[in-house]
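Enquirer: These are the residues of each chain, in order.
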Amino acid sequence: MPETTQSTQSNGTGNGADHRGLGERVDHINQSAQELWNEAQGAVTQLRETLDLQGRVDRHPYGMLLAAAGVGYVLGGGLFSRFTGSLVRLGFRVAALPFVKQELLNIAKGALQNAGGRRDAGQTAAAPVEPPKTV
Amino acid sequence: METSQQLTDKARELQARIAPQIEEARKNLSDLNTRISTYVRQNPGTSLLAALAAGFLIAKIASRRW
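Chains as they are written, first to last, in the working numbering: chain A, 1 to 135; chain B, 1 to 66.
In case anyone wonders, no lab produced these hints; they're calculated from the structure.
Some clues are possibly wrong.
Keeping only pairs whose Cα atoms sit at most 25 Å apart, straight-line, the calculated SDA-like set for lysine to any residue is [said to hold, decoys possible]:
#, chain 1, residue 1, chain 2, residue 2
1, B, Lys60, A, Leu87
2, A, Lys101, A, Gln113
3, A, Lys101, A, Ala121
4, B, Lys60, A, Lys101
5, B, Lys27, A, Gln113
Since this is a predicted model, take the numbers as computed values, not measurements.
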């Protein structure tokens, strides 16, 4: 009988220690999870403060929308498509338009000046030359 | 002289007819701009995600081989 009692007591003590160990582990896991959650929240808050999305959207709402659409366009794989090529070509043409216009104006001005100079030269050549006066 | 007077009258009439419509369109556009800006400022996450999705869809459609 004493053996049985002893074994029961030892079993009880072992179970209690196991329970305590398990409880501590659960507490530890809980604490770790809580710390991880806090760190994640802090990181998100820090990222949000760094990016300042709210402020940027407040200042330039349309610009931010366009930027987001651009990011989506790149993520969608539209960067190396024909459509992008056409857009880029169109952009270059529009950007080059003022220079081309200026060049054309310069050429036209030069041509007009040349034509005017020739006309003057022609008139001078066609004008009657006075004969040298003989004494 | 009469023709010029008629043309002037017609131009004035046209201007009187079109001016209110232009003014209304201007007001409507201004109102739309205010509403869009306010919505974007109040819901930045939703708006940016919607713009991102729109860009993504446009890219998918544009890169498709026809």
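Enquirer: Given the hint that Lys60 of chain B pairs with Leu87 of chain A, does the C-alpha gap stay at or below 25 Å?
Expert: holds, 16 Å
Enquirer: Assess, step by step, whether the Cα of Lys60 of chain B is no farther than 25 Å from the Cα of Lys101 of chain A, and give holds or violated.
Expert: The given pair, whose Cα atoms are some 37 Å apart, is violated under the 25 Å limit.
Enquirer: Verify the proposed pairing of Lys101 of chain A with Ala121 of chain A, using a straight-line Cα cut of 25 Å.
Expert: violated, 30 Å
Enquirer: Given the hinted pair Lys101 of chain A and Gln113 of chain A, is their Cα-Cα distance within 25 Å?
Expert: holds, 18 Å
Enquirer: With the threshold set at 25 Å, check whether the alpha-carbon distance from Lys27 of chain B to Gln113 of chain A stays at or below it.
Expert: violated, 50 Å
Checked against the numbered hints listed earlier, the structure breaks hints 3, 4, 5; every other hint is satisfied.
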